[in-house]
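A.B. asks: The lines below spell out each chain.
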Amino acid sequence: MKTIIFTGIALILIASAFGINDYYKAKKKGEFTKLYHDVPDTVVEKVTSVPIVIPGSGSPAAANDKTDPVVSKMIKENRRRSLRLQDYSRGRIPEPSIEELTPVDSTNPKVEQPVKPEEKIVTEETAPRRISLNQFSRAPLIPERRTVMLVDTTVKLFPKSSPTVFSSLK
Amino acid sequence: MTNSRQLTTQKAVHYFFAALFWIPVSFFSILLVRNTIPYFSFSQNFSFIEERAILFASKVYKTCFYTHIFAGMICISTALIQFSSYLLKKRKAIHIISGRIYVLVVLLLGAPTGLYMSFFAKGSFWERLLFMFMAVYWFYTTAKGFQTILQKNVLAHKIWMIRSYSMAMTAVTFRIYHLFFYYYGVNHLSNYEISLWISVIGNMMVAEFLIYRKSKTYLQTFLT
Numbered sequence: 000m001k002t003i004i005f006t007g008i009a010l011i012l013i014a015s016a017f018g019i020n021d022y023y024k025a026k027k028k029g030e031f032t033k034l035y036h037d038v039p040d041t042v043v044e045k046v047t048s049v050p051i052v053i054p055g056s057g058s059p060a061a062a063n064d065k066t067d068p069v070v071s072k073m074i075k076e077n078r079r080r081s082l083r084l085q086d087y088s089r090g091r092i093p094e095p096s097i098e099e100l101t102p103v104d105s106t107n108p109k110v111e112q113p114v115k116p117e118e119k120i121v122t123e124e125t126a127p128r129r130i131s132l133n134q135f136s137r138a139p140l141i142p143e144r145r146t147v148m149l150v151d152t153t154v155k156l157f158p159k160s161s162p163t164v165f166s167s168l169k
Numbered sequence: 000m001t002n003s004r005q006l007t008t009q010k011a012v013h014y015f016f017a018a019l020f021w022i023p024v025s026f027f028s029i030l031l032v033r034n035t036i037p038y039f040s041f042s043q044n045f046s047f048i049e050e051r052a053i054l055f056a057s058k059v060y061k062t063c064f065y066t067h068i069f070a071g072m073i074c075i076s077t078a079l080i081q082f083s084s085y086l087l088k089k090r091k092a093i094h095i096i097s098g099r100i101y102v103l104v105v106l107l108l109g110a111p112t113g114l115y116m117s118f119f120a121k122g123s124f125w126e127r128l129l130f131m132f133m134a135v136y137w138f139y140t141t142a143k144g145f146q147t148i149l150q151k152n153v154l155a156h157k158i159w160m161i162r163s164y165s166m167a168m169t170a171v172t173f174r175i176y177h178l179f180f181y182y183y184g185v186n187h188l189s190n191y192e193i194s195l196w197i198s199v200i201g202n203m204m205v206a207e208f209l210i211y212r213k214s215k216t217y218l219q220t221f222l223t
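One line per chain: the protein sequences are A and B, in this order.
According to numbering that gives the first Met the number 0, the stretch in the first sequence is residues 0 to 169, in order.
According to numbering that gives the first Met the number 0, the stretch in the second sequence is residues 0 to 223, in order.
Keep in mind that the hints were calculated from the coordinates and are not lab data.
Treat each hint with caution, since some may be false.
[To be verified] Computed list of lysine-lysine pairs in DSS-like fashion (alpha-carbon distance at most 27 Å, straight line):
#  : chain 1 : residue 1 : chain 2 : residue 2
1  : B       : Lys157    : B       : Lys89
2  : A       : Lys24     : B       : Lys61
3  : A       : Lys28     : B       : Lys61
4  : B       : Lys58     : A       : Lys28
5  : B       : Lys91     : A       : Lys1
6  : B       : Lys58     : A       : Lys33
7  : A       : Lys26     : B       : Lys61
8  : A       : Lys1      : B       : Lys151
9  : B       : Lys58     : A       : Lys24
10 : B       : Lys61     : A       : Lys27
11 : B       : Lys58     : A       : Lys26
[Claimed, not checked] Here are the computed distance ranges between Cβ atoms for each label pair:
#  : chain 1 : residue 1 : chain 2 : residue 2 : range
12 : A       : Leu132    : B       : Asn2      : 44 to 50 Å
13 : B       : Gln219    : A       : Leu34     : 39 to 45 Å
14 : A       : Leu12     : B       : Leu149    : 20 to 26 Å
15 : B       : Gln5      : A       : Leu12     : 53 to 59 Å
16 : B       : Phe124    : A       : Leu12     : 18 to 24 Å
17 : B       : Met203    : A       : Ala9      : 23 to 29 Å
18 : A       : Lys1      : B       : Gln5      : 44 to 50 Å
19 : A       : Lys1      : B       : Ile29     : 31 to 37 Å
20 : B       : Leu149    : A       : Thr32     : 45 to 51 Å
21 : B       : Lys10     : A       : Glu30     : 55 to 61 Å
[As the list claims (entries may be wrong)] Computed footprint of chain A on chain B; a stretch qualifies when at least three of its residues, placed anywhere within it, have a C-beta under 8 Å from a C-beta of chain A:
#  : region
22 : 24–34
23 : 46–55
24 : 107–114
25 : 117–126
26 : 138–149
27 : 181–188
Using N, Cα and C, we set each Cβ at its ideal position, and we do this for glycine too.
Using the sequences and the hints, build the whole thing.
C.D. replies: What follows is the structure, given as structure tokens:
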């Protein structure tokens, strides 16, 4: 039975020798800084913007150059985190967040003044953390991928279907 | 002088606290085993493996990893029944067989592979050092527990095995702290490091407290 202990000691020594050797090899190559791939917390998949047509500003193309209808607001909101047993792990537990571009003028179609193109307000919500049975492992938890929803914020003063001044000129 | 009613109450309190300790320990141990099994599909689509893609390119590391998680599963499963006084009294053979499996797996698989992997552990130099200490301490305490039972020193065997089990259980307690700190919004790396230190130091303290409470000559337990 003592042979087990001596074999174990031999294996520990071998593991140390291999470990030290590989450690210095990795250090020499400069691999130590990139051993662990960092998973980003938030993934923004799609962001789109819609042009606006402003009355009395000449051609619609000219109006597009001046204004940007995407008006959003940055709000950080920490919600109560929920736990999942899959998070029972040595790995990274993600902080999924939802990024939404929320229109300011979507409720008020009678806006006549153009909005400054620089003004962007983005709504960012930290999604609740969930813990599930599967997360009880060493694995890092990959953040949930959420599609960014963009509500059409265009102030359509001249809808395509309705006749405009320009169409009557034709 | 204690009457039979007091003795019954004492027994009930003892069983209550034993249940309070062993039910969560058993639950989280089984959960750990359950969450480890999918790794034996040898698929690379696990976030744990994806995070360590560079390390998994090395055959030595890969072999060590799979051996280590296999060893961990066996250790945690076999150790669960080792502290049962019922099995010790009525089914001693089960205790002996599962004990031998535990010792074999720790000494030949778990500790050596853990030691190799500790050189590349996540965190700073100190976390690597802590992992190395864990591997060596786990090996040493298990070897001492094994040696003392071969010498028929049951009391010393119990003490060293409590220490060994406390190291094996760091895998379980780490995950509990990790989830706890995650829930309260601690960032990932800090969470990882804090959970690691608390699990190792905390488990050692609990083990030493249990040994201290039971042994009259506490310091001598390190020399036996």
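A.B. asks: Evaluate each hint against the coordinates.
C.D. replies: Tested hints:
A distance of roughly 18 Å separates the Cα atoms of Lys157 (chain B) and Lys89 (chain B); the hinted pair therefore holds under the 27 Å criterion. Restraint check: the Cα-Cα separation between Lys24 (chain A) and Lys61 (chain B) comes to about 17 Å, which is no more than 27 Å; the hinted pair holds. At roughly 20 Å between alpha-carbon atoms, Lys28 (chain A) and Lys61 (chain B) fall within 27 Å of each other, so this suggested pair holds. Under the criterion of a C-alpha separation no larger than 27 Å, the hint pairing Lys58 (chain B) with Lys28 (chain A) is consistent with the structure, at around 18 Å.
Straight-line distance between C-alpha atoms of Lys91 (chain B) and Lys1 (chain A) comes to about 22 Å, which keeps the hinted pair within the 27 Å bound. The hinted pair formed by Lys58 (chain B) and Lys33 (chain A) meets the criterion: a straight-line CA distance of about 18 Å does not exceed 27 Å. Restraint check for Lys26 (chain A) and Lys61 (chain B): satisfied, since their Cα atoms lie roughly 19 Å apart, inside the 27 Å limit. Restraint check: the Cα-Cα separation between Lys1 (chain A) and Lys151 (chain B) comes to about 14 Å, which is no more than 27 Å; the hinted pair holds.
Among the hinted pairs, Lys58 (chain B) with Lys24 (chain A) is consistent with the structure: their alpha-carbon atoms are about 15 Å apart, no more than 27 Å. A distance of roughly 21 Å separates the Cα atoms of Lys61 (chain B) and Lys27 (chain A); the hinted pair therefore holds under the 27 Å criterion. In summary, the hint linking Lys58 (chain B) to Lys26 (chain A) is supported, as the alpha carbons are separated by about 18 Å, within the 27 Å threshold. Separation of Leu132 (chain A) from Asn2 (chain B) is about 47 Å and conforms to the stated range, judged on CB atoms against 44 to 50 Å.
Gln219 (chain B) and Leu34 (chain A) have their C-beta atoms about 43 Å apart, which keeps the hinted 39 to 45 Å range intact. Range check, Leu12 (chain A) to Leu149 (chain B): about 22 Å between beta-carbon atoms, so the 20 to 26 Å window is met. Gln5 (chain B) and Leu12 (chain A) have their C-beta atoms about 55 Å apart, which keeps the hinted 53 to 59 Å range intact. Take Phe124 (chain B) and Leu12 (chain A): their Cβ atoms lie about 22 Å apart, and the range 18 to 24 Å holds.
One distance hint, 23 to 29 Å for the beta-carbon pair Met203 (chain B) and Ala9 (chain A), holds here, with the actual separation near 27 Å. Take Lys1 (chain A) and Gln5 (chain B): their Cβ atoms lie about 47 Å apart, and the range 44 to 50 Å holds. The supplied range of 31 to 37 Å is met by Lys1 (chain A) and Ile29 (chain B), whose beta-carbon atoms lie about 34 Å from each other. As the Cβ distance of Leu149 (chain B) to Thr32 (chain A) is approximately 47 Å, the hint placing it in 45 to 51 Å holds.
Lys10 (chain B) and Glu30 (chain A) have their C-beta atoms about 58 Å apart, which keeps the hinted 55 to 61 Å range intact. With 5 residues having a beta carbon nearer than 8 Å to a beta carbon of chain A, the region 24–34 of chain B meets the requirement of three or more and the stated coverage holds. Counting residues of the region 46–55 of chain B whose beta carbon lies closer than 8 Å to any beta carbon of chain A gives 9, which meets the minimum of three for the stated coverage. Under a criterion of three residues with beta carbons nearer than 8 Å to beta carbons of chain A, the stated coverage of the region 107–114 of chain B is upheld, 5 such residues being counted.
Judged by the Cβ-Cβ criterion of 8 Å, the region 117–126 of chain B is covered by chain A as claimed, because 4 of its residues qualify and three suffice. Counting residues of the region 138–149 of chain B whose beta carbon lies closer than 8 Å to any beta carbon of chain A gives 5, which meets the minimum of three for the stated coverage. Counting residues of the region 181–188 of chain B whose beta carbon lies closer than 8 Å to any beta carbon of chain A gives 5, which reaches the threshold of three, so the coverage claim holds.
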